[in-house]
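Student: So the sequence lines, in the order shown, correspond to chains A and B. Counted from 1, the first sequence has number 115 at position 115 by this note's numbering; the numbering is strictly sequential. Counted from 1, the second sequence has number 153 at position 153 by this note's numbering; the numbering is strictly sequential.
No lab work stands behind these hints: they were computed from the structure. In this text the structure is predicted, and so the values were computed from the model without any measurement. Just to be clear, a hint being listed does not mean it is correct.
Rough simulated footprint, nothing fancy, chain B against chain A, three-plus residues with beta-carbon under 8 angstroms [as the list claims (entries may be wrong)]: (1) 45-58; (2) 61-72; (3) 75-89.
Note that CB positions come from ideal geometry on N, CA and C, so glycine has one too.
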Amino acid sequence: MLKSVYNWIDERLDITPMWRDVADHEVPEHVNPAHHFSAFVYCFGGLTFFITVIQILSGMFLTMYYVDDIVNAYKSVDYLQHQVAFGVIVRGMHHWGASLVIVMMFLHTLRVFFTGSYKAPREMNWVVGMSIFFVMLGLGFTGYLLPWDNKAYFATQVGIQIAASVPYLGQYIETFLQGGEIVGAQTLTRFFALHVFFLPGALLALLGGHFFMIRKQGISGPL
Amino acid sequence: MQDHNKEQQSHGKPNKRREMTRRQFLSYTLGGTGGFMMSLPLIANLRFAVDPLLQPKAESDWVKVIDVEKITDTPTAVNFEKNVVDGWYESDKGFGAWISKDASGDVFALSPICKHLGCTVEWEKNVNYPNEYFCPCHAARYTKDGKNLAVAPAPLDEYDVKIENGSVYLSQIKPNTRVE
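For reference, chain B alone in the conformation it holds in the complex:
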């Protein structure tokens, strides 16, 4: 240390070269090595923890729910079960949908989950609001297309619909495509 300082002074410009002190060198090398050693288990653990964020969305099966003939302009409620794989647990989970035909005769299915706080809406649940979906929890209302009229911030979600051999099949839930 002593010699080192002398050498710097003999050059006539002290502190110009900004040489690393022994303390700095040790804290960088020991800190770096220690940090590297701790980062290996930490990275493995963290990647393990955030794995659900990085999993691709599971593809949903098509489930046959009702005959096309039974569908009218008035929404019909259907309940069905879908096989859901949740990590190590596989089960048949219950789902509901309101299925109806629009003016041009196309079949569409809406999710009954209210977009306000997740209660279950029903078609013409409240006699004061005919021709509307009504949520009993906070009086959210929607049109037949699922457009939000009151309380709810967004229109009802929609199912992917497929018609095959006279039956209606439902699959994933997606944001409503029928209203703005």
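Next comes chain A alone, as it looks inside the complex:
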């Protein structure tokens, strides 16, 4: 059944070469944990992506209940966590995944650094990777405010104060992030928009570039 559906589409659009091009590639011995167990350090990039997929999935489902309004934000989070079936798991995935993605990304960065994989001709991929790192931090920062509890409120207060200490530009950054005079209604909608539209968009574009470059240049050689 599946096979015949695939063949029907393939006859018309010739899709086999497309996914073959993506899927069929050599895994060199030095990055294969089956050959050298220590090669598991090469898995962290893939794990980062795997958790990112889980973050996107669980985040999409969370927005079915969440509202980015200061009156209802906390209540909706409380409701989805305690009243909706599996709410504690879905929010748990997003909560723990958010920390885990930073950990995995950091380990991936360490691997790239200590194997010297950032060197020519892969400097551009290092720069894109660093951009991904900062977008991820931005996602963590904006997502932290959304439950609108005390922890979220004061963490954002402090975060914005730090951003405001940038020389010359600080006060503009502060107003841009806050959306108003105080951390309040306008900050919450702003952070929500950044968290679910702008930053994920930037993240997906950067990930596309990251993966394109690694496929184009191949994985770096053994030490």
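Using the hints provided, position chain B relative to the given structure of chain A.
Tutor: Here is chain B on its own, set in the frame of chain A:
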């Protein structure tokens, strides 16, 4: 691979045993494991999403709306508020009803929501149709019992009615039980 093929040929019936190829084995085991790993977050997410479908219908409170004495054969409009819990949001939502007595003196209450497209019907709204509910949107008409005469596909819904200490109490809306 080479030895394996030779062994099969030596038995004299190639392809009869239909042994699994290495590619098949790998795609089943890796696909199975990968599918299992992805299914856990997916199942949790999907159950989370369909939760409203599986929630039991909320029980409605009884709301006192009018004194029994005020009810006549002619439908009377009443408006009342009912506490509605909508997820994390709780509010008093406005409802309307047309209350009247039937031939045997029983009190009944109809919902004013037109069964055509949900506008609000009114008793004798149109002078051309006396003794009927009339909907101003598309001229749907109903009898006093709520039976649909024109346009609407179903009779007007009915409230659960209770009379206590000389007052009429209304609760849930249910399909009309007074007409076929």
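Student: State for each hint whether it applies.
Tutor: Consistency of the hints with the structure:
{"no.": "1", "hint": "45-58", "verdict": "holds (count 3)"}
{"no.": "2", "hint": "61-72", "verdict": "holds (count 4)"}
{"no.": "3", "hint": "75-89", "verdict": "holds (count 11)"}
In this structure, every one of the numbered hints holds.
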